[in-house]
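Dock chain B against chain A, hints included.
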Amino acid sequence: MSIKGKAYIAGIYEHPTRLAKDLSLAQIHAEVAKGALEDAGLSKEDVDGYFCAGDAPGLGPMSMVEYMGLRPRHSDSTDTGGSSYVLHVGHAAEAIAAGKCKVALITLAGRPRAEGMATGTVPRSRGGTPTPDEPFEFPYGPTVVNMYAMCAMRHMYEFGTTSEQLAWIKVAASHHAQYNPHALLKDVVTVEDVVNSPMIADPLHRLDCCVITDGGGAIVVVAPEIAAKLKRPKVKLLGASEFIKTQMGGKVDLTYSGARFSGPAAFAEAGVKPSDIKYASIYDSFTITVLMQLEDLGFCEKGKGGKFVSDGNLISGTGKLPFNTDGGGLCSNHPGNRGGLTKVLEAVRQLRGEAHPKVQVKNCDLALAHGTGGSLGLRHGSATVILERE
Amino acid sequence: MAESKVRRLPAPAVSLETQAYWDAAGKGKLLVRRCTSCGQAHHYPRTICPFCFSDKTEWIEASGKGTIYSYSVMRRAPVPYAMAYVTLAEGPRMVTNIVDCDFDKLEVEQAVKLVFKPTDGGPPLPMFTPA
Chain A
2 MSIKGKAYIA
12 GIYEHPTRLA
22 KDLSLAQIHA
32 EVAKGALEDA
42 GLSKEDVDGY
52 FCAGDAPGLG
62 PMSMVEYMGL
72 RPRHSDSTDT
82 GGSSYVLHVG
92 HAAEAIAAGK
102 CKVALITLAG
112 RPRAEGMATG
122 TVPRSRGGTP
132 TPDEPFEFPY
142 GPTVVNMYAM
152 CAMRHMYEFG
162 TTSEQLAWIK
172 VAASHHAQYN
182 PHALLKDVVT
192 VEDVVNSPMI
202 ADPLHRLDCC
212 VITDGGGAIV
222 VVAPEIAAKL
232 KRPKVKLLGA
242 SEFIKTQMGG
252 KVDLTYSGAR
262 FSGPAAFAEA
272 GVKPSDIKYA
282 SIYDSFTITV
292 LMQLEDLGFC
302 EKGKGGKFVS
312 DGNLISGTGK
322 LPFNTDGGGL
332 CSNHPGNRGG
342 LTKVLEAVRQ
352 LRGEAHPKVQ
362 VKNCDLALAH
372 GTGGSLGLRH
382 GSATVILERE
Chain B
1190 MAESKVRRLP
1200 APAVSLETQA
1210 YWDAAGKGKL
1220 LVRRCTSCGQ
1230 AHHYPRTICP
1240 FCFSDKTEWI
1250 EASGKGTIYS
1260 YSVMRRAPVP
1270 YAMAYVTLAE
1280 GPRMVTNIVD
1290 CDFDKLEVEQ
1300 AVKLVFKPTD
1310 GGPPLPMFTP
1320 A
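So the sequences go chain by chain: A and B.
Each residue of the first sequence is one higher than the one before, starting from 2 at the first, in the working numbering.
Each residue of the second sequence is one higher than the one before, starting from 1190 at the first, in the working numbering.
Looking at chain A on its own, in the form it has when it is part of the complex (with noise of 0.2 Å):
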């Protein structure tokens, strides 16, 4: 069964704060969760699905529901790391399709700035029963920084991607967050301040990773008989794909992510090709992350992403594919250090035409949105969506 067609996504909210010092984890996910359903003209007695992953408190969807007081007859919390959200978008669509549920919530937050956590730069055990994975990984000091690193490295060595090329990344994000009041960064920067910026794991500098802040964000998708009578513009899922790639068993391939398998799959179908595409949330917890995802996704030639973003693609006004207009993981937020869900936010304004007249795209009828979480370099979750304005 496809999912074409099938679901809206009928409300986004986007938490303003960026350090959520004196706000509790659920209080951040309810207040995300009014957000969204004031915004599609929803109540909370209207919502009978829920979705969640592992930046919820307690086990699942159960103690978010009761601190909500909610009650969905429907509840996933699939957790892929940071693409969680749009996978769950996807799964919203397929529930809805079946019957499940007609008003899905999907609810995102966290607050690892206020609580000083070392993100990216030290290991970090699982905790609990050790994965069968973890004995021959956790004691090497594998980090997120280093883990993303490694496939940039074996990326410059295959294809002679450069640090250079990597940086026109972070430059475009920059270009965009400039118009964006709640971005953490909001100078733009040149190519060579990225590759001047302290190394953190080579090749990557500091202004190759992402931000880290608190705050969250929420998604309501609902059935199309719910969106035909709710006023605001309608956004059509088209398509939605997820894969989970690995070590493969030590047949080890750093030069490609899960978007290869996730990306074709939401494109057939969609029924539109990459080059249908008008603008593109690309998850970028780091430069390499998007380089490697444009590539997978098809937006250019497998090792011609290099030449692709310094070209000035990713730039909205002049590029080709303008990308992550609200300045992205790389300069707004990284909620949590997940950030498949602002992927999808900044998705759904532009299709409906609310981005910053700045960086909105002109005609924006078709959008993709793409995230990969977990570890880029150990095992990932990759999730597509496409959607488009009716």
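It is worth saying that the hints were derived from the structure and are not from the lab.
No residue lacks a Cβ here, since even glycine has one placed at the ideal position from N, Cα and C.
One or more hints might be untrue.
Here are the simulated DMTMM-like cross-link-like pairs (lysine to aspartate or glutamate), alpha carbons at most 25 Å apart as the crow flies [claimed, not checked]:
no., chain 1, residue 1, chain 2, residue 2
1, B, K1302, A, E135
2, B, K1216, A, D134
3, A, K303, B, E1298
4, B, K1254, A, E95
5, A, K101, A, D188
6, B, K1306, A, D134
Which stretches of chain A does chain B cover? Using the computed rule of at least three CB atoms under 8 Å from a CB of chain B, they are [stated by the list, open to error]:
no., stretch
7, 130-139
8, 197-203
9, 250-259
Ranges between beta-carbon positions, derived for each pair [to be verified]:
no., chain 1, residue 1, chain 2, residue 2, range
10, B, K1216, A, P133, 21 to 29 Å
11, B, A1278, A, G313, 40 to 48 Å
12, B, C1241, A, V123, 34 to 42 Å
13, A, E116, B, Q1208, 35 to 43 Å
14, B, G1215, A, E116, 36 to 44 Å
What follows is chain B alone, placed relative to chain A:
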């Protein structure tokens, strides 16, 4: 207080399924798991082959020879270290560290050889150094 320049390594969590691997590490040997049905070696070790799903798998001793598939020096750590994937002569690529070398001279596809480094109260970890 001056920072210790010796990098401390946490002990790996040993399970029944992988006890032999860590016992061998204690004796300076690196084991990989090989499937006698499809003939392929894999890493990390599993009793059921991740390629053909056969339960006919066995331990073999690796030669200790390999090449660097990719690496990254964690410059921001209190004691910088080189994270790496090494392609073993037996086939699989494994997560490891490159040690006892000038990090600035490391290269992708460089030849490396096996060494072991002690952990905090656990079996030693297989690592690699330029050959």
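Task: Hint check against the structure, violated hint numbers in rising order - done: Hint check: 4, 5 fail, others pass.
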